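Asker: In case you want the letters, here they are:
Protein chains: 2
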Amino acid sequence: MSHLLYLEDFLVGQRFDAGGFSLDAEQIIGFASQYDPQPFHTDEEAAKGSFFGGLAASGWQVACLTMKQMIVAGPKVGGGQIGAGGEIKWPRPTRPGDVLTVSCEVLDVKPSRSKPDRGFVTLRTETKNQNGETVYVFTCQTLVFRRPG
Amino acid sequence: MSHLLYLEDFLVGQRFDAGGFSLDAEQIIGFASQYDPQPFHTDEEAAKGSFFGGLAASGWQVACLTMKQMIVAGPKVGGGQIGAGGEIKWPRPTRPGDVLTVSCEVLDVKPSRSKPDRGFVTLRTETKNQNGETVYVFTCQTLVFRRPG
Numbered sequence: 042m043s044h045l046l047y048l049e050d051f052l053v054g055q056r057f058d059a060g061g062f063s064l065d066a067e068q069i070i071g072f073a074s075q076y077d078p079q080p081f082h083t084d085e086e087a088a089k090g091s092f093f094g095g096l097a098a099s100g101w102q103v104a105c106l107t108m109k110q111m112i113v114a115g116p117k118v119g120g121g122q123i124g125a126g127g128e129i130k131w132p133r134p135t136r137p138g139d140v141l142t143v144s145c146e147v148l149d150v151k152p153s154r155s156k157p158d159r160g161f162v163t164l165r166t167e168t169k170n171q172n173g174e175t176v177y178v179f180t181c182q183t184l185v186f187r188r189p190g
Numbered sequence: 042m043s044h045l046l047y048l049e050d051f052l053v054g055q056r057f058d059a060g061g062f063s064l065d066a067e068q069i070i071g072f073a074s075q076y077d078p079q080p081f082h083t084d085e086e087a088a089k090g091s092f093f094g095g096l097a098a099s100g101w102q103v104a105c106l107t108m109k110q111m112i113v114a115g116p117k118v119g120g121g122q123i124g125a126g127g128e129i130k131w132p133r134p135t136r137p138g139d140v141l142t143v144s145c146e147v148l149d150v151k152p153s154r155s156k157p158d159r160g161f162v163t164l165r166t167e168t169k170n171q172n173g174e175t176v177y178v179f180t181c182q183t184l185v186f187r188r189p190g
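These protein sequence lines map, in sequence, to chains A and B. No gaps in the numbering here: position 100 of the first sequence is 141 in my numbering, and each next residue is one more. No gaps in the numbering here: position 26 of the second sequence is 67 in my numbering, and each next residue is one more.
The set of hints was computed from the structure by calculation and includes no laboratory data. Bear in mind the structure is a predicted one, so any value in this text is a computation, not a measurement. Some hints could be false.
No distinction is drawn between identical chains; accordingly, a pair holds when it is met within one copy or between any pair of copies.
[Said to hold, decoys possible] When the alpha-carbon atoms are kept at most 30 Å apart in a straight line, the in silico DSS-like pairs for lysine-lysine are as follows:
#	residue 1	residue 2
1	K151	K117
2	K130	K151
3	K156	K169
4	K117	K89
5	K169	K89
6	K151	K89
7	K89	K156
8	K117	K156
9	K130	K169
10	K117	K130
11	K130	K89
Using the sequences and the hints given, assemble the complete structure.
Answerer: Here it is in structure tokens:
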């Protein structure tokens, strides 16, 4: 509990590593079959003739697994990681066999004007592949509480 | 195949319904345990003392199930629904028992300057609950091809 972070612990420019994950074809097809059933995410043969030129992970799978990393290995925020929304980008596809690394940076810290117990931290979460190429960026406004008491 | 939509079929202001889905506590806890393991998404008792005041679905679950609806019941885009990124918002939580409806609207249609076979369609996808309240908005830039031939 002593390592929980509150609003006063966040500083612009601060960085956190959040570990990483890998994805194989089976995981890509499994996720996409449930949530994003398009041939370039679910069928290796059909994917060859698509825009992606081969099987690519659903961007939502990358988003979800990045979120998981942020929770299990990222900053431990008192009250939890509560995102109100933000800007999402998938600059390039994630492929079977990719090994991904997640990190985040604090872009802004702003106390709430109306509620003195909380504020907003803008976090830029980035996922890179094994070649150092960015596959996912989520710049999110998160609600963070001040340390209680 | 005759119902596939291409760049020339999209018009600003066009709307598409994409059906809907519902979520119960078991589904909320199951998804969050895998991708967003935070007590307000995974534990009904712990959620009562959280910001959400009760169990709430992970925003990513709402995003993923909305995506699925867009594929299975939304506009059938030739070449698939290929999103480059956009702005995401979760204006309010999704709760166990919620019945959600997905629709989308074309905000912009722009031919590519460099590649004559394609263009960009800005789609605003919105998910509302049974009370007509918006729980999710994704304004996404999508890549859409012109009709071949």
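Asker: Check the structure against each numbered hint from earlier and tell me which ones fail, lowest number first.
Answerer: Going through the list in order, the structure violates no hint and respects every one.
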